[in-house]
Amino acid sequence: MSNKEKASLPAKPKRTFAQKLQRANSRGDIATFFMLAPSVLLLLVTSVYPFLWIFRYVCYDYNGMNAYYTGTRNFTRMLSDASFWGSVGHTFEYALLKIVFIIPLALIMAVLMNRKIKGSGLFRGIYFMPTIISTAVSAMVFTFIFAAYNGILNAILRSTGIISQNINWLGDPKTAMWSVIIVAIWGGFGNYMIYFISGMAGISEDVYESAQIDGANGLQTFWKITLPMLSPMLKIILMLAITGAFKDYDSILVLTQGGPNDRTKVMFLYIYQLIFGSNTADPQIGYGTVLSLTAAVIVGLVTAVYQFFARKLDDVM
Amino acid sequence: MSGGKGVYSTQTKIVRGLLFLFMLIIALLTLYPIIYVVLGSFKENQELLVGGTSIFPKHFVIDNYIQAWEQADFATYTGNSVYLAFGVMILSLLLSSMAGYVFSRRDFRGKELIYGLFVAFMFINVGSVSLRPLFELAIKLKMNTSLFSVILISAGGGQATYIFLVRGFMNSIPKELDEAAKIDGCTFFQTFYRVMLPVLKPILATVALLSFRGGWNEYILPLVFTMTNQAKRPLTVGVNMLKNAGDGAAAWNIMFAGATIAIIPILFIYICASKYFIEGLTAGAVKG
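As given, the protein sequences belong to chains A and B, one line each in that order. Note that the numbering used here has the first sequence beginning at 1, numbered continuously upward. Note that the numbering used here has the second sequence beginning at 1001, numbered continuously upward.
Incorrect hints may have been included.
The calculated PhoX-like cross-link candidates involving lysine-lysine, where the alpha carbons are at most 20 Å apart (straight line), are [as the list claims (entries may be wrong)]:
1) A:Lys116 - B:Lys1013
2) A:Lys312 - A:Lys235
3) B:Lys1275 - A:Lys116
4) B:Lys1201 - B:Lys1175
5) B:Lys1013 - A:Lys118
6) B:Lys1275 - B:Lys1201
7) A:Lys118 - B:Lys1275
Simulated from the structure, these hints should not be mistaken for laboratory data.
Pulled out of the complex, with its shape left as it was, chain B reads as follows (with noise of 0.2 Å):
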């Protein structure tokens, strides 16, 4: 390069605007979604129905809130959701915790077998036809009304990975920290539970954000276990079914203020602790 220094910077100076721009640009599309939805759910109807380029509501109105929840049974969807999120976090917060721990601390035989099942269903994915199973081993238990047997196959499902993680943390804590609870004359389970599960606190902070938001999210699971019971549904069916009533264009307004309401608390959670989100990521993908 034989230009000057001074040409060099302002180069530079535009090089760096332009990659900005592209970042503020690929900001905007990837916030444009979220915010026209929340926006859009304080449209009325009518102003949905007619579309447009405008983003903003011409009246803001948040009678489709009260619609919804009062109408659409959004308040039993939400209930649900709360109750499935909350069910599969604190499962998964004790399947992880106990398991963890074992698998980092003891010896025994057939460990290796165990673990290795773990780390082999990670990996063997059928898709959708191993809910076929679970649905008619529920309708057999009689557990096919209620959520709890939704709560029990998505922590199932999910707690290799968690248990990988605390497993991993565990690793790094120095087993000293054990023979001194010992010594004191701890239990095994007393260890675990007067030592290491506060030490244990910040990857157990990942696993409840991680669980709580595979519980909120969770889909097609809690879609076949809800076919023909519409009070269990939680949002995202309850929202999505609406969708697919035929009747759809006409509750646009509701559908926007249903899928507000299922966006909303997570994306709250997500901003209050996205160091934790993005920490639990990272630290699942390298060490899982």
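Next up, chain A with everything else stripped away, as it sits in the complex (with noise of 0.2 Å):
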């Protein structure tokens, strides 16, 4: 409405607001702002607000205290962080081993629970069990289980003679990363069974039947028709622990703290220490958001790449 018509009409642009509210109101325009505004309004205060945060001190020196224009230096001292892109390796040396167990122990678990056997809603829920607990709490259980000392796995692998010192699981380099993986499979399998499990609830019984009249038994019942009947949802899933694996720092953070030797540093571990500081260092804000946003970019591409293959997987099969 322009200017000229409110001057001539006085009185209608006040009525037609009364107007406009009750209507609005009738129609549940305004119960309808008041139910999505909160979730909006936590959205931005906990989503996008953070996420644009990031890019006011990318050019910045800051410990939380003080902040100094250090202009590209963030950026250069990256390319040259031995730790940083060592800690970027570490996050592809664990997620790949994770995913290499996780997904067959998963997929043969909910092979075997889809069989219905007696007992078998037990033992699923057994399975999914480890992912109802902390990961925080669950991680210190095991740092008591792997302690070198006065662990139980020593105990026992010491009397049952397979080996004969104790081993400092989480201490020493060589199976500090094994160890930090066998919690993370122990912590997630049950998880990406259940996505397995529901994956072949969609796999129709008449199939499973005609294999059986044909004679096919359960490996080639496997091999022949549930997996590639699965495909799809196992392409989604596989992309599910991608990502997952590529953000977990939480459980290692209690396990081992990175080390020994940053040897099991994975880059979000790093950055979060950079972010609130250690016992020996200050924190570096400003440096740690140009590492954040490059993590971010490199599970970016890890996608992009694995969202490729998988296409191009389809073009074969």
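Take the two lone chains and join them into the complex the hints point to.
Okay, here's the thing in structure tokens:
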């Protein structure tokens, strides 16, 4: 409505506003607004704002109190930061090893659960149980199990004669990464098993029945029917597993704090220690924001490469 | 396969037996750490410090719990965990039921944009760095000493999944129900409050459980917020702080008791309602 019209009809706008309000109220527009507003507000504050905030400090040296402009120094530092690129390498190593073990295990357990024999409900409930428990607490329990001197794992291995000397599972660079991965597999395979089970629920019983009539055994059924029919779901699950594995760091923080000698320091753990400081160093937030963005890009690239190959696989199969 | 029927079935029996054994071994390995810490929490500290292969306590003592509860502040930690978990749960229920209903039933300008924003921020993950601005914001608002800010952030981070869950469930409910309510004189909000909430019960049960678990198990977030504020620590943080305290070795019994206190309530809820947990997970993965 233009100004001219407003001037010529002074009473109307006011009335229309009241009417508008009433109409909006009766149609539920006002209720809609107030029902959606809390979620949107929280999204803006807890997700959008921190994301935009990151860009504010990429060119600064910021320790939580004072910020100094440093130009491109954060970027050049990143390029020559061997610990960071080391942590990127550890992230790939961790993610790869975790996925190589957790996905086949989850798939095997899902296939076994899918046979619906007596007690499989109970087994399923047990396998899923670790995902209910806080990763921080279960990681702590594993530090007791892995403890070098009085840990029960060493005690059992020694009493059965498998090892003769205690192994410092979390403190020895040779075993630390494997220990961390074992905890990750323990805590996560039930999750992926459930995804696979729900994927298999979509495969019709008729297919299995006709396979049985044709005399296919269990393994043949798995390779020729379950796996091909599961492949769209498998791609999604793999995708979730990859992005999930790249983001893990809280259980590693509890188990080894990235040690020994940074052997288990994954990139998000390295960034966490930069952002919030550690016992020995002040926070380096500006530098941390640059690494965070780089890490996000790395995860994005991995996802894109994976998607590319998953699609290629589609063409072949 | 040339063998007779009898041979075949014995073979099948052996294979089935082996598979069952395999399932059993994996189940025992899965349960072992949980049983180990629960039983270990009744061991004397001396026994824990010496080690040994036995998972059962030599002498069954509950002294660890009394010590943890009275001397190591676990009463406070447990209270904080309960507050945190219920806070996140209630807030998540409120947010997701209302927003999920609106996303399913209303059309308005900017809806696609807002919805897209929720989806986008499920995938944009910059890790722990996002806690820094929120921590600084909380200091500015003088909310950094209260667990309420932790509740808000935790619920804010988890709400997208729950909104999608409710929206997906809502989409499967016929619109005729809304229209009938409207004809009976219900306003939009009344339709939601009186008609839809009861219908949404099953999915809200799932949201309640998942968000309760989320709040109860939250670690890095409360760790950052209670770094200098011991009185506000939840169990996950409190028990781990004990481990990092340096003299950690001496307090194994208290840590075992603390870990058990952190595990048992959520495990009990899981055993009572495992169906909802598992359903929620699959619904979230497929529809979300």
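request  = Compare the distance between the alpha carbons of A:Lys116 and B:Lys1013 with 20 Å, and conclude whether the hinted pair is satisfied.
outcome  = 16 Å, holds
ask   = Between B:Lys1013 and A:Lys118, does the CA-CA distance stay at or below 20 Å?
value = 15 Å, holds
query = Within a Cα-Cα threshold of 20 Å, do B:Lys1201 and B:Lys1175 meet the stated pairing?
reply = This hinted pair holds, its Cα atoms lying about 17 Å apart.
message = Given the hinted pair A:Lys312 and A:Lys235, is their Cα-Cα distance within 20 Å?
response = OK: A:Lys312 and A:Lys235 at ~12 Å, within 20 Å.
ask   = Going straight from one Cα to the other, do A:Lys118 and B:Lys1275 come out at no more than 20 Å?
value = 17 Å, holds
ask   = Taken at face value, is the distance from the CA of B:Lys1201 to the CA of B:Lys1275 at most 20 Å?
value = Holds - the C-alpha atoms of B:Lys1201 and B:Lys1275 are around 15 Å apart, at most 20 Å.
ask   = Do the alpha carbons of B:Lys1275 and A:Lys116 lie within 20 Å of each other, as the hint requires?
value = Within the cut-off at roughly 16 Å; holds.
Checked against the numbered hints given earlier, this structure breaks none of them.
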